[in-house]
Every structure is written in C-alpha cells, then in structure tokens.
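Chain by chain, the residues run as shown.
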Amino acid sequence: MVDTFKPQSLQEAVDVLSDKGAILFAGGTDLMVQRRRRGGLIPDFDRPVILIGHLKELKEISNSTREIRIGSCCTYTALLSHKAVPEILKTCVSQIASPGIRNRGTIGGNICNASPAGDTLPVLYALDASVILARDNKERVLPIEKFIKGPGTTVLEADELLTRIIIPHSSFNKFFYKKVGTRAYNALSKISFTGLALKKLRAVEDVRIAFGAVSPTVVRSKDIEAQIRGKDIDAIQKMIPEILSHYSKLIDPISDQRSNRRYRKTVSLNLLNSFLKNYML
Amino acid sequence: MEINFILNGKGVKVKTHPLRRLLDVLREDFDLSGVKEGCGEGECGACAVLVDGELALSCITPVGSVEGTSVVTIEGYRETAKYRALEEAFSATGAVQCGFCTPGFIIAAESLLSKTPRPTPNEIREAISGNLCRCTGYSGIVEGIKRASERGEGLW
Amino acid sequence: MKNKISSSVSRIDTPEKTGGKASYIADIKLEGMLHAKTLRSERARARIKAINCPNLPEGYFIIDRQDIPGKNSVKMLIDDQPFFADGIVNYIGEPILLAVGPEKETVNWIIENTEVEYEDILPIFSVDEAKDPAKPPIFQKNNIFAEYEIRKGNPEKAFEGSHRVFEKEYRTGYQEHIYLEPQGVIGTYDDGRVTVYGSMQCPYYVKTALIHGLGWNEDMIRVVQTTTGGAFGGKEDYPSIIAGHAVFAALKTNRPVRLVFDRAEDIQSTTKRHPSIIKIKTALDSKGTIIGMNVDITLDGGAYCGLSPVVLQRAMFVSTGAYNIPNVLVRGKVLATNNVPSGAFRGFGAPQAIFAIEMHLNSLAENLKMDPLDLKKKYLLKKGDPTVTGGKLREDVKMPRMISLLEDISGYRKKKASFHKKNARDLRGIGISLFLHGCAFTGSGERDKIKAKVKLRKEDDGKVSILVSNVDMGQGPQTTLRKIVSKILGIPFSQVLYDNPDTDRVPDSGPTVASRTVMIVGYLLSRAAEKLKTEGKTEVTEEYIQPPYIEWDQENFIGDAYPVYSWGANAVEVSIDPDTYEIKVESVWGVYDVGTPIDEQIVYGQIEGGISQGLGYATIEVMESREGGLMQRSMTDYIIASSVDFPGAEKRLIENYYDYGPFGAKCAGELPFVGVAPALAAAVQNAIGVPIEKLPVTPEYLLEAAEGGN
Chain X
1 MVDTFKPQSL
11 QEAVDVLSDK
21 GAILFAGGTD
31 LMVQRRRRGG
41 LIPDFDRPVI
51 LIGHLKELKE
61 ISNSTREIRI
71 GSCCTYTALL
81 SHKAVPEILK
91 TCVSQIASPG
101 IRNRGTIGGN
111 ICNASPAGDT
121 LPVLYALDAS
131 VILARDNKER
141 VLPIEKFIKG
151 PGTTVLEADE
161 LLTRIIIPHS
171 SFNKFFYKKV
181 GTRAYNALSK
191 ISFTGLALKK
201 LRAVEDVRIA
211 FGAVSPTVVR
221 SKDIEAQIRG
231 KDIDAIQKMI
241 PEILSHYSKL
251 IDPISDQRSN
261 RRYRKTVSLN
271 LLNSFLKNYM
281 L
Chain C
1 MEINFILNGK
11 GVKVKTHPLR
21 RLLDVLREDF
31 DLSGVKEGCG
41 EGECGACAVL
51 VDGELALSCI
61 TPVGSVEGTS
71 VVTIEGYRET
81 AKYRALEEAF
91 SATGAVQCGF
101 CTPGFIIAAE
111 SLLSKTPRPT
121 PNEIREAISG
131 NLCRCTGYSG
141 IVEGIKRASE
151 RGEGLW
Chain L
1 MKNKISSSVS
11 RIDTPEKTGG
21 KASYIADIKL
31 EGMLHAKTLR
41 SERARARIKA
51 INCPNLPEGY
61 FIIDRQDIPG
71 KNSVKMLIDD
81 QPFFADGIVN
91 YIGEPILLAV
101 GPEKETVNWI
111 IENTEVEYED
121 ILPIFSVDEA
131 KDPAKPPIFQ
141 KNNIFAEYEI
151 RKGNPEKAFE
161 GSHRVFEKEY
171 RTGYQEHIYL
181 EPQGVIGTYD
191 DGRVTVYGSM
201 QCPYYVKTAL
211 IHGLGWNEDM
221 IRVVQTTTGG
231 AFGGKEDYPS
241 IIAGHAVFAA
251 LKTNRPVRLV
261 FDRAEDIQST
271 TKRHPSIIKI
281 KTALDSKGTI
291 IGMNVDITLD
301 GGAYCGLSPV
311 VLQRAMFVST
321 GAYNIPNVLV
331 RGKVLATNNV
341 PSGAFRGFGA
351 PQAIFAIEMH
361 LNSLAENLKM
371 DPLDLKKKYL
381 LKKGDPTVTG
391 GKLREDVKMP
401 RMISLLEDIS
411 GYRKKKASFH
421 KKNARDLRGI
431 GISLFLHGCA
441 FTGSGERDKI
451 KAKVKLRKED
461 DGKVSILVSN
471 VDMGQGPQTT
481 LRKIVSKILG
491 IPFSQVLYDN
501 PDTDRVPDSG
511 PTVASRTVMI
521 VGYLLSRAAE
531 KLKTEGKTEV
541 TEEYIQPPYI
551 EWDQENFIGD
561 AYPVYSWGAN
571 AVEVSIDPDT
581 YEIKVESVWG
591 VYDVGTPIDE
601 QIVYGQIEGG
611 ISQGLGYATI
621 EVMESREGGL
631 MQRSMTDYII
641 ASSVDFPGAE
651 KRLIENYYDY
661 GPFGAKCAGE
671 LPFVGVAPAL
681 AAAVQNAIGV
691 PIEKLPVTPE
701 YLLEAAEGGN
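Those sequence lines, one after another, are chains X, C and L.
Sequential numbering of the first sequence, starting at 1, is according to this note's numbering.
Sequential numbering of the second sequence, starting at 1, is according to this note's numbering.
Sequential numbering of the third sequence, starting at 1, is according to this note's numbering.
If we strip away everything but chain X, and leave its shape as in the complex, we get (with noise of 0.2 Å):
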C-alpha cells in the first residue's frame, strides 16, 4: 500500500510533493471514483498520496479592486457561499453533482482532472482566469488555456501543486450558461454552454463564447470573439451564420456512452446560435 501524507501546511505539502512526487488528494470526489475497486478494498493508488484539501491556505478567497482570487481547495459550496465570486461561476457550480459532493470536491481538482466534461473549465476560460502554480518557493502564473495539454492531462509538473485560481473582475450584463446533462441534477455533461456578453445600447462592447465537453478541451475563440466585439447587435444577427460556421469547424465532439457527436455538436450550435439570437438581445 502506497504513503499517504497529510501536511499541516502548504509549505509541507510542498516539501513533501519535491520529495515524493505524489498524487495530489483534495476532495477525492473524482480520485476516488477513478480509483475505486470493489467494495471493502482500498482504492488503487499507485503512487504516494498528499492530502490537501484540508490546508487552511489553499481554501482562501481573496478579493481585490483587479481580481478575485481563489484558493484551488475551496470546495464548490464555500464558492456558492462567497459574494465575491462571479454569477456565471456560481450557476456553473450549483449544477455541478450533488450537495455531499459539492462539500468535498474542489475547484483545483475539477481543473486539474482536465476532464474534457469538467465543468467549471469552460467558465474559467471565458472569464480569462488564471492557475498559480507553486514550487519550493517559486510559483508562476498560466493563463487556464495554457494549463490544461488534453483530457486528464496539464502542464502541472511533478512537484507542482495549484494553489489559487486569479479570476480577473469584468462586467458582463448579458448571460447565458447552460449545461446540457443525463439528467436534470447530478449528472456529467453531454455539453455546457458558457455565454458572456456586455452590451452598452446596441452596441456588443465584450463577449466571451466557451463550449465545454465537445472537443478534447475547451473550445473558445478569441479570434471570433473579436470579430463579433464592438458591433452593433443588428449586425452581429447577420453574422449569426458565418459566427456559426466558424464555431463548428472548431467543434469536435465524440459519440460516447452518455451521447453522441451529432447531437454534441448539433446542440453546442443551437446554443450559440439562441445566445447571439435570444440571450444578447
């Protein structure tokens, strides 16, 4: 049976991870699930293990003029209770699992699963958040985009730990998320829309598109987004069919056991395509 740790402080877990090079353990909701045997077994952990979800440091939220940051052990219920966070995350959060899961699981966790069905990614790339990564006293900054490589995998070395998410402050008056599951609660996504958009008269002064479950990460435009940026809203609905022409070459789905590509990539346009028609009106 491997190690387990259980630092009394981020900088032990630090030390420790240097050391070992070990499976970080927040709130296990997933790790758990992926690793599970049958009944009465311990889970199979192949390498040793740190708890941090309990790490004091890490379950910090701050908030400041620029930005809101969030430590990467918050789990989805303290993010649900703090008034700091923005509207869109929260709604993303509240439909995330089920309340005893949304006790123990973490937004650090639900980033570095990189699970392509994560749900919380595509709202944090939306809202251009950024990972701080920590190391032996040296951490640096990753825009989220640049964090997650592919599904289940992030540039996140072996001694590296993500302490907190930066999201910084934008104002959005038009939004639009939706989270296409196997049920209506507490179940994975087949798809999630992320729809943002600030709109100042007729005028489209910022929008944010992020499409979650249909490729192997997230898709989001900047591109695209820019295009639309700054136009008027009468002329953004003549670009609906050249905006949706853009979007579905970038939209690769699979069939899988919870659905299939052409409903994936049907639907993740039919979304888009109300957002711009209905939602930024």
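In short, the hints are calculated from the structure, not lab data.
Do not take every clue at face value.
[Said to hold, decoys possible] Heads up, simulated DSSO-like pairs for lysine-lysine below, C-alpha to C-alpha not over 27 Å straight-line: (1) K20/X <-> K15/C; (2) K453/L <-> K287/L; (3) K15/C <-> K104/L; (4) K29/L <-> K15/C; (5) K115/C <-> K90/X; (6) K277/X <-> K249/X; (7) K83/X <-> K115/C; (8) K10/C <-> K56/X; (9) K265/X <-> K584/L; (10) K277/X <-> K584/L; (11) K10/C <-> K21/L; (12) K453/L <-> K533/L.
The model shown is predicted, which means the values in this text are computed figures rather than measured ones.
Let chain X serve as the given structure and place chains C and L on it in line with the hints.
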C-alpha cells in the same frame, strides 16, 4: 496510520490505511451497518454521513480525511429528537418502501434542515438530489421532510 | 363510499428501516464467514480452452462447475443456463468460477490473476443476427427460445377486405432495475443441511434451483429471505444462480460464504428488461374503422432463456391494449443473442406491448384527423367483450369514468387545443395513455403451476402468525397482509406476526411476482382468517382454488389469459427545450382501478414509484449493448431519476370490487408502470409533431427525428 475522530459523539481511534473508504471503516470496524453501499461512486447517497455537520458521501471519503472531525451516522443521529420527528414524518407520508436508501435521506434531510429549517418543496428536492430512491418516486420523501420541518417546531 | 380497510396505517417496517436497524444481506456477519468473488467471462461468445489460476494461499478456494454435486443448470423454465460456464461462455459477465476466502483483498487478487484462454465463436449481437443462418445458433437449431401465435376472429379475411392498411414499427430498449440494494446471498452448510440467506423475491424458486443443483432431498435445503432493498423483478430468477454459487462454496469450504455484488458487477451481469421490436399493421375499411390487426413481437432474450417465454406471452396477451379489436393475429418470438440475459421487470413484457399499441393508435388517429383519445374510446374494452385470446371480460370496466376524470384533472382537451404551434420555440405537449394489466399468473397458472398454500397459526401468546413465502421487497405486504388478517380476525394489527419467509417455516404460497401477492395470497389469507375465526382451530392451511369462471387452454392460448384486470389511464404534459431537445415533464396524472386498495398510501406509493420508473424508462434510462458489452456500466452512466427530474403525480383511485380478491382487491404493483412511457411519448409527439416510435425518447433521438436522419 492512526486516525482520530469523533464518531457519533465519542472520540475514536482507528489504526488503518488512511485511503480506506470511510464507508468500510464505519461498516466493518464499527459495525455501523445503517450506512449502506448502493453504488460505491458517490451517485446514490445511501452511504451519506455528516462530517462536521456537512453532508458527505462515505464511499468516496477516505478515512484519513476525517481526522479531527466529527462524524455522525444514522446510528448516532437516531438517538436525537430531530430524528424522531423525521421518522414520524416519513411514516406519516409513506416515504419508506424498501428502506435501503432511507438512512441516507434522513442524513441529507438533517443537513438541509440544519441550515434551512423551513425549506420549500423545491429546496427539499434540490437538497436530496444526490440521494437516489428507486421505489417511491420521491413524493413521500419530499412531503416527509416538509412535515418534519413544520411539526418539529423549534428543533431546527 | 370509501372502504374502511383502505384507510392508511403506518407501515410496520418504517421505524427499523429509517433508523438503519434493518438487516440487509450485506449487514449480516456470521462467524468464520468467507468472502466470494466471481470470475466472469470477458468474451461474448467463446470456448474456454484453459483456465490458469495462481497458486492459492492456504484457506483460499476456487469453486467451479466441478464443485456442483447435482446438475450444472439453474432450474427455471428450460434449464439451459449453467451455474458456472460449462466449457462455453455466451455473454460478457457470465460466471466461470468463484474465488473464496477470508480476506477480500486476497480473493480479489486470485480473480485478477486467473487467466482464461478463450477461443472465440462467431457471436450473435442482435435479433437480426440471431436469424442469420450463417451464424452458429446459440440455442437449439434456430435460436428461438419461444415462438407463439394467437388469433382472434379471421384476420386474413379482414386484411383481404380492407380499404387500406396502416403499418408502423416500434422499438424499446433495455432497462436496468437499479434496486438500491445490490444482489447478495450468504450460503451456509451445517449438519448436512444448507441454508441460503439472501435478498430475493421467490424463496421457493431458490429452493427448487438448489434441489437440482445439489441433487439433494428438499429437507436438506433451507432458504431465508433477508430484508430486501428493492427488486422490481430483478430478484425473481437471478438469486437462484448466486444462491447456488454460495452454497457450492459453503459445501466445499465448510464455512459460511458471502457473495454480495457491487454495483458495477450487478449492472453488468444481472437481467434486464427485454428490448423489443413490435410491428403493428392495422386494416381499415373505407370509413376508417379498424377491422383487423396484425401484431408481430420480437424480443431479445439474451444468452439464456430464463423467464423469456412467459414475458413474451404477457406481451402478446396485452398486445391490443385496452381495446376490443376484431380479427387479430399476434405473432411473438423471443430470440437468443450473446447479450446479457433479459428477464423479469415490473410489467413483464406488457410495457413494451402497451407502448407499441398506444403509439400506433395515436399515429393512426392523427392519420384519421381525430384526437387519439376519441379514437381509443371507440374501441375500449367493456364488460362482456372478447379479449384478444378469446376470453370473456367479466368485470365492470370503469374506464369511461376514469377517462373523463383524467380529462378533467389534466385539462387535456383545453391544453391540446392551446398547445398548437403558437411559437416554434414554445414546444409543449400533452398525451394520454390507456392501459390494463392482467393480475397474477397467466390463465390457469395459479392452479396448475403455482398451487399456492398459505398458513395462519395462533401462537401461545394469542398472536397470529402469517406463514407465506411472499416477501416484502418494499411494496408493503408486511403491512397489507397483516391488515387483511387483523381486520378479519378483529385483532390489533400488532397482534399479527409476519417474519421474513423461511422455507423451513412457511408453505409455498408462490413467488412474489406478477402483482399477485395481495390478490392471490391475500385472498387465501382472508379465507384462512375466516376459518381461524369461525372454526376455532389453532392452525389453518388454505390452498388455491381457481375461480370457477376461468377457462383457459394453455396449449393454444385460448380463453381467459388472466383472472381479472386492473386498469389505468395516464396523462403527461411536457415542454421541450427547442435548442437541446431536453424533455421537461411538467405534470403527470393517473387514474387507476385496482379493485379495493388495501392501503391507500401504499397503493399511492406504488403509483408514484411506478410513474418515476416509467418516466425514466421513457426518457433518461439509456442502456445499450455494443458487441455484447453494455455501454453503461455504472450509476454514473446509467441514469435513474433523482428528486428533481420529475414532478410528483396527481393520482386518483376508482374502486371496483373484485369477488376473488381480499376485500375486493386486484393487482396494483405493476400497473402504474405500464402506461407511463406511452403517455410521455404521446406528449412529446404532440409537442414536436413527429411520431415517436422508440424508447427511450432521448434528446439525441428527438434531434434525429426532428431534423432527419443524417
């Protein structure tokens, strides 16, 4: 590893692997068989317990992570007046059929009522959305929690 | 007037279940008990060339076909299924052997380190492939587990003389039971006797299977039901297999052996609801009147026969639904495939058939520019009408009253008129289904096959014991049967004892299936109670006597297919997300005739639970087999309804006294499931204007139906 925590109000020590499922420790080491295994992957809620008053799923909780916390299972909770109010209400509204999921629902109900003593039916439905029942269609359970919240005046 | 027995009492089992005190099979620990795990086939169809087990540590055992003292076949209808694979595997998940020992970790290690060498055989993955002569058959020469035909009137002539023919095909998928308590048993061997404790519906089915598997005298075998955490048909036949496993292991090890499944294993290897393909052809005259009907039913039985022939029979006997259709030909077939065996599941073939006939009539009505309800009312069965098997409907059919009540409470007509395409983004619909369910076993099955016996015994302390083999798996007989007996004896409810059945104590009152417990067993108990009361005996045994009016020819399926029917009507209202095709169930209504409800709350509980399961079957419960392997193998992927998926139902009961049921009760357990899916599908069809011909109605299916097949 030796793990210390409070179990149903009493301090306990258990020498075991910290990654063992809390569910197995409760059922095997402490004979607390009211905590059920329905799915083993956090989907069904039959294994629900309270950790420091918060709803937790013991099948995906390693025992190492509850060190220093207070864990309450149905066996501890059933000694309380709140439990008796819930049991009376579940009986009155037909909330129980096969019963395998029921202790988990009671724990989820406590977790809700401790924060929201007078929940609406929708709040109840959301609070128990991680507990699956295959027999009742949930109506009796939702009504039961509502009834307990109304009749258990002052308990929550 | 409301019948007094119907007033609800507190269920007797609520306190111990709610407080976590009830002992389910996984909660029982016996001295020296060993754990068992099953090695299962990873191939859909193969010859086993060799099995290489690791060297076993001391105290660990392998149990396989060579450890079976009697026959390596599970006693069911035709006994084609072995306890352990006999040189050939026929589905992924088929048991090959057990590893048994004191530590779960080591038992698991043995299983993980046992290698099976397979030689593949050309597999059969679908009913179409099952008909392909190029593939070697799984079962006999033609892969047909059962094939039947029933006819009423002269269907050939009707079709010859028809003005036109309306034809459609319907398909339904698997459904997995997801009883919250997975399957499990404990086997023990003491003093030359074996005992099985377990989660089950039919203690005597298990006992019979053990008699054959052990080749022992029945006196040497005891079966005890433990508190059962849901079953829904899934614990009708399957426990016989694992009871055998546990007992063979107990015999070899001389220790109690526990075999409890975890969820993934349960989903992978236990029975499912039969997938179906049902073709219906309707012959119409020039005025659009139905003059004949052909129904062709094909079921995927999976790798072994199990209960499939009887499931097929029930599907056929209700294939024209709640209607009196003249001139009918029904053909049915259940085929062998290398999929997991299909088996019993609440409704037992009827849900598939009722879905098909209801959707067919809905589409026919649209074709005839009529409201489906008006078309259906025209053909509704009534007292004295001939059934599809040529029996005679003897009961009062209260459907007209039930339908008008349903129309009232659901606002069906008004909604139907208002939902019509106001706005392409406002997709709302309402649908109705009418249905019936034949109570208890088919025809004379109760008399010829089951031969139920019940016993009441006055104990020394004046209490009265109910001695029957029927189990409470959540549906409430612990309460309802006690109510029947206590009411007749005029003693308090608490004075009636009813322990979980133990075959050493109780006579064989038959299996807990087919919604028969209250109507058949309860009625026998009511007669026994009358005798106990009037004849001053301390023990009364009562045996089943067939109601005199039943006429049934089991060879040719002619006559009264069921002693009596329960009836129902559902309405469902939905809205559909125009972007995602997700279905939201807005409201559900149900009106039912179950005779006299023995306990209103328990019957309402069956209704709410049946509706939830039915809506799940109709929408979110997707289970598909790819090359013999199930795509959804966990509760993360196989989705059942949570508390937020569907609303509660508005429900009504219409009383209709039945002379051969206790206090007039008929059947209630399966009925509420049967009509839900077609009502949901009808509502969806109404909302999007595309015919729904497949279950489950997933968003993926709706997208294809609405936007075309590419």
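Outcome of the hint check:
1. K20/X <-> K15/C: holds (23 Å)
2. K453/L <-> K287/L: Violated: K453/L and K287/L sit about 53 Å apart, past 27 Å.
3. K15/C <-> K104/L: holds (18 Å)
4. K29/L <-> K15/C: Judged against 27 Å, a Cα distance of about 22 Å means the pair holds.
5. K115/C <-> K90/X: holds (19 Å)
6. K277/X <-> K249/X: Within the cut-off at roughly 20 Å; holds.
7. K83/X <-> K115/C: holds (18 Å)
8. K10/C <-> K56/X: holds (26 Å)
9. K265/X <-> K584/L: holds (21 Å)
10. K277/X <-> K584/L: holds (23 Å)
11. K10/C <-> K21/L: holds (20 Å)
12. K453/L <-> K533/L: Since the Cα atoms of K453/L and K533/L sit roughly 18 Å apart, the hinted pair holds (cutoff 27 Å).
Consistency note: the structure conflicts with earlier hint 2 alone.
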